[in-house]
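Q: Protein sequences, first through last, are from chains A and B. For the first sequence, counting from 1, position 21 maps to 767 in the numbering used here; every step adds exactly one. For the second sequence, counting from 1, position 63 maps to 190 in the numbering used here; every step adds exactly one.
In case anyone wonders, no lab produced these hints; they're calculated from the structure. Cβ coordinates follow ideal geometry from the N, Cα and C atoms, glycine included. Just so you know, not all the hints are guaranteed correct.
[Claimed, not checked] To give an idea of the interface, some chain A residues facing chain B are shown, with a C-beta separation under 7 Å as derived from the structure: (1) LEU787; (2) SER791; (3) GLU797; (4) GLY830.
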Amino acid sequence: MNNKRPKNLNLFTIRFPIPAIVSILHRISGVLLFLLFPILLWVFSLSLASEQSFTRLHTLLSTAFAKFVIWIILAPLCYHLVAGIRHLLMDIHIGEDLQSGRRGAQLTILVAAILVVLVGVWLW
Amino acid sequence: MVKSVLGVNHQGLRDWIIQRISAIIIALACFGLAYFFVANPNLSFVEWRMLFSPISMKIATLLVVLSLAFHAWVGIWIVVTDYVKPALLRFVIHVLVFLSFLVCFLWSLLIVWGF
Chain A
747 MNNKRPKNLN LFTIRFPIPA IVSILHRISG VLLFLLFPIL LWVFSLSLAS
797 EQSFTRLHTL LSTAFAKFVI WIILAPLCYH LVAGIRHLLM DIHIGEDLQS
847 GRRGAQLTIL VAAILVVLVG VWLW
Chain B
128 MVKSVLGVNH QGLRDWIIQR ISAIIIALAC FGLAYFFVAN PNLSFVEWRM
178 LFSPISMKIA TLLVVLSLAF HAWVGIWIVV TDYVKPALLR FVIHVLVFLS
228 FLVCFLWSLL IVWGF
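Excised from the complex, chain B in its bound form (with noise of 0.2 Å):
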């Protein structure tokens, strides 16, 4: 498991398409943030936590920061085998990288939870 996610024998088709998937959630998320923002100028901070406190919209975010943690691990993984030769320095990095989505995962799960 350990190898088949962080090493060499990486699957190619699931990665690319991975990386389309979160980018058109993400970019989805991208234009409906910037709409709100321009259609809500003195935003208020009772407007911004209305916005965030239906079940439908806590998952919505979730689902964001979940594509952006997906897209962003094979993004990074992709450049870090580019650059980064020395195997056992890659394999760290590797992890350090995947346990800080996880990280920032639980973080955004307790932010948008946590009201």
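Chain A on its own, in the form it takes in the complex (with noise of 0.2 Å):
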């Protein structure tokens, strides 16, 4: 083995490529909205429980603080879902290569935060 080849372990100046960064973000996203089902289902719970529950959730949600935490919570599923469709679509051989994957990556970002910020607007 060559011991002269040139080694960067130096986390600061390594600089993911674009797919990683799509890619680990999909991951990340992904355990976070596991870790908010239970949430979802809770709300679900309230939600279709009965008239007053409807009313208290309404209420409860309706507050600035609340539509920002939903919007913090549909975030990740919003990333998730098209970074999602990307991986499907690169399952039947599209944006497969390294140039249109990066644009993909790209792509992927931008619908992403287009998404949620139309989720913002929805909100509010």
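Fit chain to chain and form the complex, with the hints in mind.
A: Structure follows, in structure tokens:
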């Protein structure tokens, strides 16, 4: 083995290529959504249980802070959805090579960001 | 059974196809729900409950929850086997995650059939 080959393990100078960032964010958002799932079910149960619980939920979720929390929760969902669609497209060999893969990754971030902004507009 | 579900001799291709099919079901549900919310601003309790009262909608809802459970099970399994090295700890996490999906599914069953 050639021991003279250059080595760079400095985490502050290693730059991830953008498809790697998109991939790790897909993972992180997925784990977040898994952790948020019980909260979603709780909201779902309150919304359907009775008229009182529905109204209670409605007032609870109408505050500016609650809207902000919903927005924070929906952001990883939007991202995971867009990144997942990109993944499915790559399964059918769209955007697989280096160049289009990079473009797909940029597009994923762009579309997800637009979706998150749209969700914010819809909430307020 | 437990070993094949929680252990290392996992069937990759089966996981792969579960992940894809459940992903498509969840994505369709997201689009459908988003459309419903945008099309019905100021949603009332009666309208919301009407949406979930037909048997077909209850089953569709449970199908989506089941898809979420399977999808997340495969995803979390992959993440945990990647980052958690001690075998016992990994086993315990897998079991807890598996049980949490069981609980979530039973809970959603009670939610949609509870009214």
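Q: All the hints need checking, so say for each whether the structure fits it.
A: Hint check results:
| no. | hint | in the structure |
| --- | --- | --- |
| 1 | LEU787 | 6 Å, holds |
| 2 | SER791 | 5 Å, holds |
| 3 | GLU797 | 5 Å, holds |
| 4 | GLY830 | 5 Å, holds |
Of the numbered hints listed earlier, not one is contradicted by the structure.
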